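With these hints in hand, go ahead and build the complete structure from the sequences.
From first to last, the protein sequence lines are chains A and B. Those letters in the first sequence? Residues 1 to 271, per UniProt numbering, in order. Those letters in the second sequence? Residues 1 to 352, per UniProt numbering, in order.
Hints may be right or wrong, so weigh each one.
Claimed, not checked - Derived lysine to any residue pairs resembling SDA-like cross-links, with alpha carbons at most 25 Å apart:
#, chain 1, residue 1, chain 2, residue 2
1, A, Lys164, B, Arg137
2, B, Lys67, A, Ser179
3, B, Lys67, B, Ala221
4, A, Lys164, B, Asn97
5, A, Lys164, A, Val91
6, B, Lys109, A, Trp181
Hint data in this document are derived by calculation from the structure and do not stem from the laboratory. Predicted model only: the values in this text are computed from it and were never measured.
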Amino acid sequence: MSQKSFVWLCLLPLAVVTTAFFLLPMARLVVVGAEGPHGLAGYLAILAESRYRATLINTVLLAAATTIVTLIVATIAGMFLQRHRFPGRAVLIALLTFPLAFPGVVVGFMIILLAGRQGLIGDLSNRVFGEKFVFAYSIYGLFLGYLYFSIPRVILTIMAAVQKLDVGLEEAARSLGASPWAVQRDVVLPALAPAFVASGAIAFATAMGAFGTAFTLATNIDVLPMLIYTEFTLAANFATSAALSVGLGLITWLILALARSFSGSAVAAAG
Amino acid sequence: MNVAGHGASVRIESCGKTFADGTRALDPATLDIARGETLVLLGPSGCGKTTMLRIIAGLELPDAGGKVLFDGKDVTSVPIERRNVGMVFQSYALFPNMTVAENIGYGLKIRGVARNERSARVAELVALTNISGLENRRIDQLSGGQRQRVALARAVAIRPGILLLDEPLTALDAALRDRLRSELNRLLRALGITTIYVTHDQAEAMELGDRIVVMRKGAIAQIGTLRDVYFAPKDRFVAEFIGAANIVEAPMEGGDLVLPGGRLPVSGETSVAKAIAMIRPETIRVVEPGRGPLSGIIDTVSFVGDRQRLVVSGASTRPLNVDAPNTIQARAGDRIGLSIAAEAVRVLPSED
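What follows is the structure in structure tokens.
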């Protein structure tokens with residue numbers, strides 16, 4: 001057996017698995033998307049029909065907002081945690097990264113406990129203002145949930161990036177007269193840019209596709225994964241849900257590809 | 001070309017440094033640096049030299065009671081960004097997101113210097129540091145020597161009163177280091193800025209320093225001119241750290257060191273019963289056997305071009321290093337005489 005055919009043989013299991021569990025279902029999905037009453041035009045419908053389009057825009061906006069807020073919160077927290085040593089730091093980091101261990105359902109449950117009809121915020125506002133403040137079952141609750149499980153991932157990435165920052169760079173900028181703000185603007189943030197892109201892309205992809213949290217909170221939140229679910233299970237609209245799935249995949253993939261081209265190959269697939 | 005900065009004088013007054021975890025990095029030290037002088041802080045790693053530099057820079061605060069004065073003004077609580085010091089780091093710390101020209105011009109940009117004036121100043125420094133043609137390169141496209149030059153240009157672009165260099169040549173290979181050392185020397189003389197230079201390399205200290213501060217374990221071991229430190233080291237540590245030295249421990253008798261190979265006259269301090277003395281290898285002359293106060297047998301001969309290094313045993317308590325002219329014939333096993341001027345034998349204070 002030649003060296004070359006040996007390598008091919010080693011790649012065979014990968015090829016089989018890829019074909020069986022990835023390429024075939026993907027191809028089938030794409031085909032199903034075009035098998036509705038409108039044929040290929042079914043794909044156009046996800047953009048043309050206002051309900052679908054609104055959901056699409058909603059989802060992208062939600063994911064974008066999650067990404068931006070997560071980046072801001074996690075960058076500040078990550079920098080602080082990496083640069084300061086204080087008692088309880090290890091515990092705090094463990095606490096902050098704890099949500100990594102939770103599936104979306106549990107996150108959704110926690111949002112309900114916080115901001116649901118029997119939630120903590122509702123109870124408090126009831127006592128203070130005489131009115132129950134409930135937002136768990138809306139897109140705001142979902143936003144909160146996504147923040148909750150995006151922040152830990154981003155914090156960890158930022159902390160790793162901050163650790164690799166050369167403190168000398170900041171000292172050099174200061175020696176040249178840069179104020180603390182100028183140091184952040186001209187030195188620290190540019191140096192962290194690859195980490196922002198990498199972790200931001202993961203946060204975005206997660207917020208685009210996460211289903212468990214949305215499903216736990218309510219079935220009438222207008223985000224793509226929920227729409228796909230209702231079209232598929234309730235309306236049995238196979239073609240549209242397939243088309244929406246392909247659309248969701250394409251948009252997310254595109255964002256990840258863009259991010260990857262900016263930051264090298266630091267972007268891992270999101271969970 | 002107006003590149004000269006206005007050198008400031010520096011005084012540090014009983015500046016010590018104890019870190020948060022309780023380690024003492026620097027014992028309280030007082031030091032005066034004249035305007036335009038180049039002072040070298042020399043010592044092995046962990047001797048406190050970098051801590052002292054960082055206190056002068058404003059990157060570390062001295063322990064309570066310590067004071068830093070520039071031109072007589074107390075700047076102890078002034079942060080580095082308002083001290084107007086130029087600093088060159090061992091890692092160079094060049095901004096990777098900026099070009100060479102942007103790096104050099106950064107301090108001017110922060111100071112709000114207009115673009116025209118800025119680019120004129122950058123061009124001036126590019127010429128001065130011999131990096132023409134690299135202005136638009138990214139930092140990762142530069143060699144080590146080029147980075148070193150950019151770091152220096154960036155530090156002096158702001159016309160600092162004081163230039164601080166933290167082992168600026170350590171990251172380079174030996175040949176480049178030698179070349180850049182003399183280039184740096186020329187530049188520092190041309191700029192006339194008060195310069196404080198940290199290094200563990202005594203060759204750099206010798207070439208660049210007007211004065212040397214030898215440091216050890218967080219304390220100043222000796223301050224002096226190159227000649228002082230070389231010929232009149234205060235203690236054994238300084239003697240061994242600067243240049244090559246034979247350290248001889250032997251009893252004294254009637255003003256002579258009593259050695260296995262003979263009695264060696266010593267000038268100066270002769271009242272002690274047992275002395276530790278330093279003899280530089282180049283002060284020992286090789287003479288005919290039987291002449292000269294000492295005799296010994298050549299162990300090894302290493303020919304190093306401009307001279308030859310002999311190791312002679314039997315003359316002292318330990319083998320002596322002798323730098324002999326490259327013209328004499330010396331072979332291992334030869335018996336030789338050694339002659340040393342009394343002034344060249346320096347008795348050091350005994351150690352506690």
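ask   = What hint numbers does the structure not satisfy?
value = none
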